[in-house]
Structure formats: C-alpha cells, structure tokens
Amino acid sequence: SQQGEEDPQALSIQEGENATMNCSYKTSINNLQWYRQNSGRGLVHLILIRSNEREKHSGRLRVTLDTSKKSSSLLITASRAADTASYFCATERQGAQKLVFGQGTRLTINP
Amino acid sequence: DVKVTQSSRYLVKRTGEKVFLECVQDMDHENMFWYRQDPGLGLRLIYFSYDVKMKEKGDIPEGYSVSREKKERFSLILESASTNQTSMYLCASSFEQGVYSYEQYFGPGTRLTVT
Numbered sequence: 001s002q003q004g005e006e007d008p009q010a011l012s013i014q015e016g017e018n019a020t021m022n023c024s025y026k027t028s029i030n031n032l033q034w035y036r037q038n039s040g041r042g043l044v045h046l047i048l049i050r051s052n053e054r055e056k057h058s059g060r061l062r063v064t065l066d067t068s069k070k071s072s073s074l075l076i077t078a079s080r081a082a083d084t085a086s087y088f089c090a091t092e093r094q095g096a097q098k099l100v101f102g103q104g105t106r107l108t109i110n111p
Numbered sequence: 001d002v003k004v005t006q007s008s009r010y011l012v013k014r015t016g017e018k019v020f021l022e023c024v025q026d027m028d029h030e031n032m033f034w035y036r037q038d039p040g041l042g043l044r045l046i047y048f049s050y051d052v053k054m055k056e057k058g059d060i061p062e063g064y065s066v067s068r069e070k071k072e073r074f075s076l077i078l079e080s081a082s083t084n085q086t087s088m089y090l091c092a093s094s095f096e097q098g099v100y101s102y103e104q105y106f107g108p109g110t111r112l113t114v115t
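Top line first, the protein sequences correspond to chains A and V. Residue numbers for the first sequence follow the working numbering, beginning at 1 and rising by one. Residue numbers for the second sequence follow the working numbering, beginning at 1 and rising by one.
Just chain V, with the same shape it has in the complex (with noise of 0.2 Å):
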C-alpha cells in the first residue's frame, strides 16, 4: 500500500516564526503536492513538484515555499507564520505516466494553529 506520511498531525505556532512541514511518500511516485483545506473554501493548491527540484506554483502560493530535494520528499516551508496561515495542511503524491494523470495519495494532514 502507498503510504504517505506528515511530520505532525497537530501543530502550534507563534506569529513570525517560521514553519516547516515535512511530508513523506514511499511509491516512488514523481508528482507531490501541498494543498490547505478551510471550511467553505474546500482544497486549495499551494504548490506541487513533478520531480527533484523542480517546482511549480499552485492557486496560493503567497507565504510559502517548497523544497524538494530527494524524490520522496516534499516540504512546505513558511517564511512568517501569519494568522491567517492556520488552517489543514495535506500532502499528497501520485504517479505519472505520459500524458497520463493517476489518482493521488493523501497523507492524514496536519492542522497547524498560528497564534
């Protein structure tokens, strides 16, 4: 079975600090992806990466950067940690073939509090 796995599944942060969420998959899969989760707004792409170093914005992106420097992990960085950043972070991988697009891989999520 895929596993995908995230550093925290709670977290509590002080305004200003800076954040990192670590993220974790274990298919070889090429394409991972951070998305945050708000009621009434649904999920939301922050950034997503279809190999080692390489990275692509997502619909928002403003506060945070990526790295990915071995293919099986993707971190989500926040620079500021800023109130409005509290919210349910998921990470997730999927595989890619071609032109083809495969189901993704959700990890449990982290629910980050900025305080």
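So that you can see chain A by itself, here it is in the shape it has in the complex (with noise of 0.2 Å):
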C-alpha cells in the first residue's frame, strides 16, 4: 500500500507564481523526502528533512514536516518553465531501510 499520498495530483500554474504540493503518510518515519521527475527520465533527490526537523530550504524550494499530523509540504517560489515535472514524496518507515513512493503530483508551469 502506499504510504505517501501526495495532493493535488495535477497542478498547473502561470510562471512567476508560487506551487504548493503536499504529502501525507500513516505510519511514524524516520525522515520524509522529495523527488523530481522530468517526463520519462529517472528521479532527482530535491530535499531530505529527518522526523526530528519541522522545515528545511534549498534555493526555492522550502519543505515543512508536521509529525503530529502525518503530512508534508512542497513549496517551489517563483516558478520558472523548467520546473514543469512530476514532484514525488517519499518515506522512510521506522525500523525500515526503504522507501515509499506517493504516486506523485504532475506540475505544469504555463509561460
């Protein structure tokens, strides 16, 4: 079953604008990341946060963790076109070395 449910699973935006994308899970974790896919291509690591932090950054990127309520969320600032791809959420279970993939949200940045 799927652990990480991510919502929405489409969104489409004007360039300039800001794209939220949230994630949430089941089980307690030990850390939560996400993923970036470009069509047809394998997936790029985009932020890694631990049970233990609540937000991390990374250039545009800004990722919050509320533990309390099992979810997540992806904040991409000012988006450009090459931003355009599927964004994954993915968790690492306690007391598992592995990780589970959502089935993704599908981001289009409109120029």
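Note that these hints are calculated values from the structure, not bench results. Treat the hints with care, since some could be wrong.
Listed below are several chain V residues computed to face chain A (Cβ distance under 7 Å; list not exhaustive) [to be verified]: (1) Gly42; (2) Phe48; (3) Ser49; (4) Val52; (5) Leu90; (6) Glu103; (7) Phe106; (8) Gly107; (9) Pro108; (10) Gly109.
In this text, all values refer to a predicted model and were calculated from it rather than measured experimentally. Glycine included, every Cβ here is placed at the ideal spot set by N, Cα and C.
Each of the two chains sits in its own frame; use the hints to bring them together as a complex.
What follows is the structure in structure tokens.
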C-alpha cells in the first residue's frame, strides 16, 4: 500500500507563481524525501527532512514536516518553465531502510 | 557527482525470454534498489541490497530475481518475461551510515516492452 499520498494529483500555474504540493502518510517515519522527475527520466532528489526537523530550505524550495498531522508540504517559489515535472514524496518508515513513494503530483508551469 | 547508469534506455523482449537489466553506481554506495514505475501506481520496490551478496525482497518481488556480486553492480533478472512486466525500471543507490539513511540517486531508467 502507498505510504505517501500527494495532493493534488495535478497542478497547473503561471510562471512566476508559487506552487504548493502536499503529502500525507500513515505511519511513524525516520525521514521524508521529495524527488522530481522530468518526463521519461529518472528521479532527482530535492530535499530530505528528518522526523525531528520541521522545516528545510534549498534555493526556491521550502519543505515543512508536521509529524503530529503526518503531513508534509513542498513549496516552490517564483516558478519557472523548467520546474514542469512530476514531484514525488517518499517516506522511510521507522525500522525500515527503504522508501515508499507516493503517486506524485504533475506540475505544469505555463509561460 | 554520483552517477548511476543502466545498461539500456529501451529494451524490447519476447514473452518467455530471460532478461537482464544491469545497474552500476560509481560512488561506493552500500545500498542499491530496483523499482518499477507504472502509470497510476507510482514507484514500487522490487528488490534491494545492503551489501555484496545480500538481497531483500521489496513489495513486488514475484517474477524477478537479483544479483549483487560486486558492490558497484546490481542486476535485475526476469527469469521468464511476461507482458505484465512491461514497465519503466529504475535503479537507485544510496549511502548508509549507522541508523541514518540518505537520499537515493537514480539511474535514467530502462523502458522494457515485452511482446
């Protein structure tokens, strides 16, 4: 069964706007990770946030983690056409050294 | 930069053939993983390996086997390919240090079609 569930499944915004994607999960985790996948390619790691962290930043990316609500969000600020991709959250459950991926959010940035 | 390479980008095989998918990483990572990705189902873990000659079943191991004879190489084997194994196959590797896990680095993927 899927541990991480992304919301929305698809998002279309104008270039320059901010994009927010959410991820919910069900069990206690060691960490939560966000990945990007351009069409037909492999995944690229964006950010890893550990269970004792609440927020992390990387360039235009901001990730938050709320372990009490079992949810995370990925914010991309000042979006660009090159941000068009699918975004996946992945969780590492406590006691397991493997990731479980959600089904992803398809983000389209319109010029 | 970490590099994970996969032997083929596209592969077409016939039903019943034995298929080998090779994955090589150049960063001396302990962990290696094989996933398949299908529309509407996301990424699902087939097998993973913590060390040479070690392997663990993932969520969907049926119809697959793996081999890890050297640290840098992790092979996925389809013993007798079937049409329901048509998919995108992704290999990944990661560093491990004690109880801490780190990000996974992915190869470009192999799109396998079984006819």
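The hint names Phe48 of chain V as touching chain A; please verify it with the least Cβ-Cβ distance against 7 Å. 6 Å, holds
Holds or violated: is the Cβ of Val52 of chain V closer than 7 Å to a Cβ in chain A? With a minimum Cβ separation of about 17 Å from chain A (threshold 7 Å), the hint on Val52 of chain V is violated.
Restraint outcome when Gly109 of chain V is required to lie within 7 Å of chain A by C-beta distance: 5 Å, holds
Restraint outcome when Gly42 of chain V is required to lie within 7 Å of chain A by C-beta distance: 4 Å, holds
Hint Phe106 of chain V vs chain A: min CB-CB distance below 7 Å? 4 Å, holds
Supplied contact hint for Gly107 of chain V, tested at 7 Å Cβ to chain A: Gly107 of chain V check passes; min Cβ-Cβ to chain A is 5 Å, inside 7 Å.
Hint status (Cβ of Pro108 of chain V to nearest Cβ of chain A, threshold 7 Å): 5 Å, holds
With chain A as the partner, please determine if Glu103 of chain V meets the hint condition of a C-beta pair closer than 7 Å. Holds: closest Cβ of chain A sits about 4 Å from Glu103 of chain V, inside 7 Å.
Per-residue hint verdict: Leu90 of chain V, partner chain A, C-beta under 7 Å: 6 Å, holds
With a cut-off of 7 Å on the beta carbons, see whether Ser49 of chain V makes it to chain A. 11 Å, violated
Hint compliance for this structure: hints 3 and 4 are not met, and every other hint is.
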